[in-house]
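The primary structure of each chain is shown beneath.
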Amino acid sequence: MTFVLVLMLWLAAFMGHARLCSTRYGLPALHPTGRHLARMMRLGLPLAALGLAMSAQGPVMGLLSWFAALSFAGLLAASLLALRSRMTNRP
Amino acid sequence: MRETLRTRLGWLHGWLGYMAGLVLTCIFATGSVAAFNMEITRWMQPEVQLATLVPPSARALDAAARVVAAEQARGVSAFIALPSARSSTLDVLHYNGHEFIGARLDPATGAVIPARVTAGGGLFYNFHHTLFLGPQMGTVIVNIAGIALLVAIISGVVIHIHALLPDIILLRLTAARLRAWLDAHLLAGVLFLPFMAMMAYTGVLVKADMIVPAPPRPARSVLVPAPPPALMPDMTALPLASMLARARASLPGQEPGFILFAPQRVSIFAGDASSAFLTRGHADFSLPGGSPLPVDTTATPMARTMQFMHGVHYARFAPPSLRWLYFLSGLCGTAVMASGLVLFVMKRRRHAGHRGAHRLADGLNVAVIAGLPAAMLAFLEGNRLVPASLAGREDWESAIFFAAWGLCTLHALFQALRGQAQWAWRAQLGLVGLLGTGLPVLDLLCCPGALRAQPGLHMAVDGMGAGAAIVALYARHRLGQRGA
Numbered sequence: 138m139t140f141v142l143v144l145m146l147w148l149a150a151f152m153g154h155a156r157l158c159s160t161r162y163g164l165p166a167l168h169p170t171g172r173h174l175a176r177m178m179r180l181g182l183p184l185a186a187l188g189l190a191m192s193a194q195g196p197v198m199g200l201l202s203w204f205a206a207l208s209f210a211g212l213l214a215a216s217l218l219a220l221r222s223r224m225t226n227r228p
Numbered sequence: 003m004r005e006t007l008r009t010r011l012g013w014l015h016g017w018l019g020y021m022a023g024l025v026l027t028c029i030f031a032t033g034s035v036a037a038f039n040m041e042i043t044r045w046m047q048p049e050v051q052l053a054t055l056v057p058p059s060a061r062a063l064d065a066a067a068r069v070v071a072a073e074q075a076r077g078v079s080a081f082i083a084l085p086s087a088r089s090s091t092l093d094v095l096h097y098n099g100h101e102f103i104g105a106r107l108d109p110a111t112g113a114v115i116p117a118r119v120t121a122g123g124g125l126f127y128n129f130h131h132t133l134f135l136g137p138q139m140g141t142v143i144v145n146i147a148g149i150a151l152l153v154a155i156i157s158g159v160v161i162h163i164h165a166l167l168p169d170i171i172l173l174r175l176t177a178a179r180l181r182a183w184l185d186a187h188l189l190a191g192v193l194f195l196p197f198m199a200m201m202a203y204t205g206v207l208v209k210a211d212m213i214v215p216a217p218p219r220p221a222r223s224v225l226v227p228a229p230p231p232a233l234m235p236d237m238t239a240l241p242l243a244s245m246l247a248r249a250r251a252s253l254p255g256q257e258p259g260f261i262l263f264a265p266q267r268v269s270i271f272a273g274d275a276s277s278a279f280l281t282r283g284h285a286d287f288s289l290p291g292g293s294p295l296p297v298d299t300t301a302t303p304m305a306r307t308m309q310f311m312h313g314v315h316y317a318r319f320a321p322p323s324l325r326w327l328y329f330l331s332g333l334c335g336t337a338v339m340a341s342g343l344v345l346f347v348m349k350r351r352r353h354a355g356h357r358g359a360h361r362l363a364d365g366l367n368v369a370v371i372a373g374l375p376a377a378m379l380a381f382l383e384g385n386r387l388v389p390a391s392l393a394g395r396e397d398w399e400s401a402i403f404f405a406a407w408g409l410c411t412l413h414a415l416f417q418a419l420r421g422q423a424q425w426a427w428r429a430q431l432g433l434v435g436l437l438g439t440g441l442p443v444l445d446l447l448c449c450p451g452a453l454r455a456q457p458g459l460h461m462a463v464d465g466m467g468a469g470a471a472i473v474a475l476y477a478r479h480r481l482g483q484r485g486a
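Heads up: the protein sequence lines correspond to chains A and B, in order. Numbers 138 to 228, taken from this note's numbering, label the letters of the first sequence in order. Numbers 3 to 486, taken from this note's numbering, label the letters of the second sequence in order.
I should point out that these hints are in silico values taken from the structure, not numbers from a laboratory. The beta carbon of each residue, even a glycine, is placed where N, CA and C say it ideally should be. Possibly wrong hints are sitting among the right ones.
[What the hints assert, rightly or not] Now the stretches of chain A that chain B is said to cover, found in silico as 3 or more residues with beta-carbon under 8 Å:
{"#": "1", "region": "153-161"}
{"#": "2", "region": "192-203"}
{"#": "3", "region": "206-214"}
[Said to hold, decoys possible] Part of the chain B face toward chain A, derived, beta carbon under 7 Å:
{"#": "4", "residue": "P168"}
{"#": "5", "residue": "I171"}
{"#": "6", "residue": "L173"}
{"#": "7", "residue": "L175"}
{"#": "8", "residue": "T176"}
{"#": "9", "residue": "L189"}
{"#": "10", "residue": "L193"}
{"#": "11", "residue": "F194"}
{"#": "12", "residue": "P196"}
{"#": "13", "residue": "A278"}
{"#": "14", "residue": "L327"}
{"#": "15", "residue": "S331"}
Between the sequences and the hints, there should be enough to build the whole structure, so can you do that?
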């Protein structure tokens, strides 16, 4: 369960990153307030995930889980964005 | 200047990555599967149907000691592996040069379970760290490949440094084929960089003593004859149950895992699952009396660091959830290397596609990326098809693995050198699909009792076979759509 939460936090952080690089990922541009929020998400959520993983699973397991969540959440975010891009490009 | 550095590193990343990548793909693939080596061994011994963990009884320990004594009478050095969360039997094992094999006993009664002898998950483990080339040469080659992986990682990071963070989740599947492959390679490469770097670094360190020459030992004087080998005392009279109870008390927080026998002592070692530090803490008892011997358990900071490196690399402390993460991360690392191999060949196809060396590289890619999974699946199916009572059947299983892989390699090279690599890809991906879908069927037909006794284990292994089949058949379908 902890891993799923950590994964979700990382996924949200990656989505915030994609919104910040909106041109690169083919997403609509954000308002300044939205950019501020996305920047906070990108910085704060991985830290929150690290705190959660280490407090729930201990330092070694927590760190390993945190890195694994980074990897799999990144794959998930990239897949979701690629899927979205394919859907929007479909004639 | 900067572009020159990037160009040079690009050349290094490409060529070193390709040469080492052929070996590293095999090392990573088998290493990922070896995260479940004990579970695969359990799957390959369907006669063992003990689902719950029972502590070993005194009667069972005495029976195990009798088996050890019988093995020693045959000149085989055996040890006792105690039941654990990953293996519920009491085992008397010895090393046959490639794997640990031996008798499995019921930990409650001490009765020998008539389980088939199998190479088990040990084959993948052994291949992962020695390539089946023996502990000396194989380990050195694997270590050199590990160092090459570290160099490839560092050069890859430097080449991609500008876009490393902005493009971290960029995947353009609708772009040109080469671009899409490159995106996939970069995506998985960057995201799984921590895992790959950690495994490469710890993997090189844990076997560093094989490549770093040890200081020369003082030469034995030719005038002093070597002492004769000491005779082992009678093992059948040892009070193993009371020794185990005392060892448990002297290893706080650690569960005993192995019992090793030497002429003057019995050593009870902590199991590897006890902590992330693979300490191998132990309690020693004198022979034949069985009285406790003093043990120095202090570890220097360097030794403690190495214990941690071992622990993190082998992940024997990890619960099943973390073990799955190791397995899946390993598969993604394998995909990074496999996509790198494909990219290397794709990039050079236009200019060098007609050359024999290019075709050879294409063929080797097929043999590694499609041939190896086919051989792994053939090995698992061979376990069900080779008669359970056949003498030396573990060698037959290993032979099936290598014969299947060898045939796949010959087929891939033959087709690729004729300029028909696409046919080799399609045929071997189809073979993986066939073997993968056949695995659950064969398991159900041959061992329905084991499937009922341990459904989770069998569903996981059979499911992995089916998963490999789905991926291979999808890749084959895509190849058919777009050409090689």
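We went through each hint and held it up to the structure:
1. Counting residues of the region 153-161 of chain A whose beta-carbon sits less than 8 Å from any beta-carbon of chain B gives 4, enough to reach three: the coverage restraint holds.
2. By the rule of at least three residues with a Cβ nearer than 8 Å to a Cβ of chain B, the coverage given for the region 192-203 of chain A holds, with 4 such residues.
3. Proximity of the region 206-214 of chain A to chain B, defined as three or more residues with a beta carbon under 8 Å from a beta carbon of that chain, is established by the 6 residues found.
4. Using the Cβ-Cβ criterion of 7 Å, the hint placing P168(B) at the interface with chain A is satisfied: the shortest such distance is roughly 5 Å.
5. At its closest, the beta carbon of I171(B) sits 4 Å from a beta carbon of chain A; the interface hint therefore holds under the 7 Å criterion.
6. For L173(B), the shortest C-beta to C-beta distance to chain A is roughly 4 Å, which falls under 7 Å, so the interface hint holds.
7. The beta carbon of L175(B) is positioned within 7 Å of a beta carbon in chain A (closest approach about 5 Å), and the interface hint is therefore held.
8. Among the interface hints, the one on T176(B) holds; its C-beta lies about 6 Å from the nearest C-beta in chain A, closer than the 7 Å criterion.
9. The beta carbon of L189(B) is positioned within 7 Å of a beta carbon in chain A (closest approach about 5 Å), and the interface hint is therefore held.
10. The beta carbon of L193(B) comes within 4 Å of a beta carbon in chain A, closer than 7 Å, and the hint placing it at the interface holds.
11. Taken as an interface hint, F194(B) checks out: its beta carbon lies about 5 Å from the nearest beta carbon of chain A, inside 7 Å.
12. Nearest Cβ of chain A to the Cβ of P196(B): about 4 Å, under the 7 Å cut. The hint holds.
13. Taking 7 Å as the C-beta contact cut-off toward chain A, the hint placing A278(B) at the interface holds, the least distance being around 4 Å.
14. Annotation: interface hint on L327(B) holds; nearest CB of chain A at approximately 4 Å, less than 7 Å.
15. The beta carbon of S331(B) is positioned within 7 Å of a beta carbon in chain A (closest approach about 6 Å), and the interface hint is therefore held.
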